[in-house]
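S.K.: Put the two chains together into one complex; each comes in its own frame, and the hints tell you how they fit.
Listed here are the chains, written in short residue letters.
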Amino acid sequence: MEETGKKRFAAAGIVAAGIAYFLVCAYPLPKELVLVPLWTRSLSQAPSAPAARKAQTEAPIPFRLGESYGYFTQDGSLLFAAPQGYGVALAADAFAPYDRLSEGFAIESPEGRTLAKVSAVGYPFFASGRRFVLAPDQAGVSELGPGGSVAWTYRFSSPATSFDASPAVAAFGLVDGSIVGLDRSGQAVLDFAPGGSRIAGVYGVAVSPDGLLVAAVTGLDRQRLVVMEKRSTAYRVAYHRYLSSDYRRAIFIGFTADGRLLEFESPSGVGVYDRATRSESVIPVPTAFKLGLAARDGRLLVLLSGEGETRRLVCAELPDRRVLDVEIQAKQAFVEARGDSLFLGVDDDLVRMDLKER
Amino acid sequence: MQVPLRASLLAVVAFGLASTPELAWDWPLAPPRVAATFGTFAKGRVVTGLALASDGAPVRAADDGELSFISEEGISPSGLPSALGSFVVVEQDKGLAVLYSHLAAGSMSSFLRKPRSGDVLGSSGSSGWIEGSGIVFQVFDRLAGSWVNPLLLLPPLTVDKPPVIRSLALSSADKVYVLGAATSLPQGTYTIAADVADPAEPAWGTGSLAPYGIRLSIDGTEAARDRFDVARGTGGKLLLFGQPGVDADELRTKEGRYALAERLFTRGRTSIEVSVEDAEGNKRSSTWTFVVE
Chain A
453 MEETGKKRFA AAGIVAAGIA YFLVCAYPLP KELVLVPLWT RSLSQAPSAP AARKAQTEAP
513 IPFRLGESYG YFTQDGSLLF AAPQGYGVAL AADAFAPYDR LSEGFAIESP EGRTLAKVSA
573 VGYPFFASGR RFVLAPDQAG VSELGPGGSV AWTYRFSSPA TSFDASPAVA AFGLVDGSIV
633 GLDRSGQAVL DFAPGGSRIA GVYGVAVSPD GLLVAAVTGL DRQRLVVMEK RSTAYRVAYH
693 RYLSSDYRRA IFIGFTADGR LLEFESPSGV GVYDRATRSE SVIPVPTAFK LGLAARDGRL
753 LVLLSGEGET RRLVCAELPD RRVLDVEIQA KQAFVEARGD SLFLGVDDDL VRMDLKER
Chain B
134 MQVPLRASLL AVVAFGLAST PELAWDWPLA PPRVAATFGT FAKGRVVTGL ALASDGAPVR
194 AADDGELSFI SEEGISPSGL PSALGSFVVV EQDKGLAVLY SHLAAGSMSS FLRKPRSGDV
254 LGSSGSSGWI EGSGIVFQVF DRLAGSWVNP LLLLPPLTVD KPPVIRSLAL SSADKVYVLG
314 AATSLPQGTY TIAADVADPA EPAWGTGSLA PYGIRLSIDG TEAARDRFDV ARGTGGKLLL
374 FGQPGVDADE LRTKEGRYAL AERLFTRGRT SIEVSVEDAE GNKRSSTWTF VVE
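Read top to bottom, the protein sequences are chains A and B.
Just so you know, the working numbering puts the end of the first sequence at 810, numbered straight through with nothing missing.
Just so you know, the working numbering puts the end of the second sequence at 426, numbered straight through with nothing missing.
Next comes chain B alone, as it looks inside the complex (with noise of 0.2 Å):
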């Protein structure tokens, strides 16, 4: 699947940032423990920013920049009931808006009009829906429409452990084949979904988090590469993966793994590689063999 220009150009920039530690932003909260990373799959809807896991800790502004909306937990003027609870919204350079959301309810400050980096913003809570306590940080890049993963901007965590892979399957209308328990299928059209995720043990009991990207390989040669680096709400939809994109309602099977390509298999042996890795360049492999009868 192709990357939006916009969003692979941000990548680059956002990877050298952060990798330059003195450009880099600063995590808003320190030190990080990551709740939900984006793409995860939370109750009734995929996260399009990173959950981070804290007890009533200030939340510091990532970056310099301008606020431009703040909302308090409860009913809003309008009716509308307040889902990320106390959150704000703060403007900074090349068209990004952060929001740091489910802040303390009464926390925050409505005069900080233009945080600099480091300032306090509020304390870590868990006002509106959120499971645990903490923050949930998304970056909406204006200009392109669309949510970035923070982990692009944010210096890197120190994490040594690779994504894993839990397991493979084919599955058409009618059956299930988890690869490695059956070796061997009928021929026909197959959805192939890969169970992955990262390592981390997530903070709040949200399920298995999202791995930055997952490729796969039938027979040598490359059938998808998704990464999660971008997600954009269109059309009603929110697609993930950039151009084209992927419905995120469509990406998970029911038994809950990515639903990466879809593929006519014919009588002959079979080749699958499933690689993942996460934001910090861990990766790990897997490789299923298997006839078609």
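If we strip away everything but chain A, and leave its shape as in the complex, we get (with noise of 0.2 Å):
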């Protein structure tokens, strides 16, 4: 009888444990992460060229789909869609198409407005608020000021290969190897020569939004990953890692819009390279070539990826979590991120999708 007792007493025990453990240490689903459509345009629809209109206090989110560049605004109005020409530099306040053999320019606004008129060679490219031109031997950058005059011109030991800017530091890899940083004054604030590797190269570059990062990928056999940050007044290396890719193009490389984090092209997906931890992780994406978007307050990164017809929306979390996959068959992709909102652009079609957790 005593023996019974005992056990039903270890009985009752370990049911009562297993409700307690329940209740204690339950740990929720976390909850599905689905994509909402608000809006679809079609750029057929849109206007050809922009219209006159009062700017608008929420800035328009410019777009280049295959050979159609224009603007949209997040509630979905489509500023105007046209065709893209030669070229076309593009940026949230400001466009400027060129020719091949450019000569000059004119830099207007979303709402049809004339910034200014540029008689330098060459062709534009806008980035950080800031408007650049190329020499058309690509080894020389001018600086445009506010009224497109050319406020500085700087001429690199070799061609260009890749740039970044942030509104403090323009930095460019050059073909022999070389990253050279500029400032609002084409002063050269970094000119860096990485090396350690058998053939010199620079694949791609980044600057953190606030200026006090550059990133690059550089080299040829073996190719490295080289983080540089600002101490003081100079440049120093404050990461580098030897990688196992072997790119021979320019690569796509960038820092989120908060500047926390690094994405890089690699063959095994999409590198991160996290600035407060200098520790890095890798999300299984082949070809992305859409980075630095986030979403979510920058917990979640958004990136664009594929090839041929097929592309995916991915988004994942940090390390490694792809909480959102989506396959898109389309020739032409486009992707913005907006706070909880993306924009995709599927080749003729301009559309809205917001982030919802279910």
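These are calculated hints, taken from the structure and not from any lab test.
Computed from a predicted model, the values in this text were never measured in an experiment.
For each residue, glycine too, the CB sits at the ideal point set by N, CA and C.
A few of these clues could be false.
Derived lysine-lysine pairs resembling DSS-like cross-links, with alpha carbons at most 25 Å apart [claimed, not checked]:
| hint | chain 1 | residue 1 | chain 2 | residue 2 |
| --- | --- | --- | --- | --- |
| 1 | B | Lys247 | A | Lys569 |
| 2 | B | Lys387 | A | Lys569 |
| 3 | B | Lys247 | B | Lys227 |
Examples of chain A residues lying across from chain B (beta carbon under 8 Å, computed) [to be verified]:
| hint | residue |
| --- | --- |
| 4 | Gln590 |
| 5 | Arg700 |
| 6 | Ala702 |
M.R.: Set out below in structure tokens:
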């Protein structure tokens, strides 16, 4: 009898412990993240040229989709969609179409105002509110002032292969393996050749939005990731690692808008360097071609991947958890992120989809 | 002006190689039709290579090497436009990197990792910022950090016409005296500038082609000797003629002449001789005599 009472007591204890475990240690399943479509717009319905309108408080979003470029607003107004011609420099506040033998161009606002007429020879390109002109030999750059006049010109030691800019620093990777960082007055604040490889070269360069970090994928045999950090007045190597890659073309590399993470193309996926912890992880997505976007207060990385006519929109949480992976059949694709909203361009259509938890 | 040691050595070696046909590089486009020589002023830049005209002919590797960079015309992942259009960089011996730019879009093979001399790299084209159809062929000396005139490394052109000397001018802050038309001028400090050119017709209408060398003598004493053999981008400027170099932006006068030297001329008779040569050794000289009052 006493033996049976002990068994009953033990069984009751196990049941009670189990109930207590489920009550105390239960871990709620993560909510599923879904994309909720808000609107779709066809580029064929957009005006082919900017129409005069008042500048809005909310900056329109520029897009480049196949042979078209233009602007739209978050609420779905297509300002215009124009054929690209030979080329166009594109930014949120201005654009400048140019010819192959460009000896001058006009800078226009998305609202249709001519902001400046530029007589410099070369191709314009815009980044971080700054406007540049690349020389015809690709080995010189000029920055334009607000009125479109050339503020300064800098000649590189060899042609540029890659570029990125923050409001404070514009960095250029060169064929000869040098990385040159220029401040707003055209003075070199960085001129460094990382070395350490059999063949020197720069295959991608990125500048953090605060201008304190400059990262690059450099060299061949072996290729490496180099991150330089500005300490007092000079940039010093803060992190470097040899990579398994052997890219002989320009690659995708960029910091997220909050500057917390560096993303770069790698054979095993999108490499992610965390600035705070100086650690790396890989999101296993092949052939990513749009990096540097983040949603949900920077907690979610947004990538556009794939090649040919199959593209994939991927949202990932670090270190490597894919929380959303959508296959898209499109010859041309585009993605932009604002907060919890994703703006996707698919061939001739633009779509807004909001990220929601369900 | 001095020529840097490495450039001098390279030039000697290069001339030696180029004059020995079995050791010289091959022309990337044959037969070569020069559209712009090293040092030619074209819109927005000084040519730091050799522009060769061609309509879609195969572009061949000048020597054995290893492809280190390939770029197709279009906006690059970084947002940088492609002023060089479609181009490849091939690494060769002695730290030389060779650029073949403005190839026809889509004509390059990205699988060709180690091209041998004569292998087809692509087709000549007009991608990027180029005035005609062809390629721009550039040689970068990684060790010296400078561009090298490809004519030093390629087989000699069969040219027997020497460069031309069109005029010599002395300019002060407010006046330009073209010698010949002017036989006397007031004493003062003048910039001596010569209008000289390679006699080849520019295939793309880029303007006069630069000769290889210019020598200036004043009253029998050498005052300047410039050779378009190297150029280097340093400190944000493009410097020609080796150390210490001449800023390419200051080499040409407003009238388009080559500024050779600045001199104070005092009262008396003065004689100036200008000699020009091409890379094949063809030379021409002209002398002007004038009176400073």
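S.K.: With 8 Å as the cut and Cβ atoms as the points, is glutamine 590 (chain A) at the interface with chain B?
M.R.: holds (4 Å)
S.K.: Verify the interface restraint on arginine 700 (chain A): the C-beta must sit less than 8 Å from at least one C-beta of chain B.
M.R.: Given a least distance of 6 Å, the restraint on arginine 700 (chain A) holds.
S.K.: If you draw a straight line from the CA of lysine 247 (chain B) to the CA of lysine 227 (chain B), is it 25 Å or shorter?
M.R.: holds (16 Å)
S.K.: Would you settle whether the hint for alanine 702 (chain A) is holds or violated, based on the nearest Cβ-Cβ distance to chain B being less than 8 Å?
M.R.: The hint holds - alanine 702 (chain A) has a Cβ within 8 Å of chain B, the shortest such distance being about 5 Å.
S.K.: Going straight from one Cα to the other, do lysine 247 (chain B) and lysine 569 (chain A) come out at no more than 25 Å?
M.R.: violated (45 Å)
S.K.: Taking only the CA atoms, is the gap from lysine 387 (chain B) to lysine 569 (chain A) under or equal to 25 Å?
M.R.: Holds, because 24 Å separates the two Cα atoms, which is no more than 25 Å.
Checked against the numbered hints above, the structure breaks only hint 1 and satisfies the rest.
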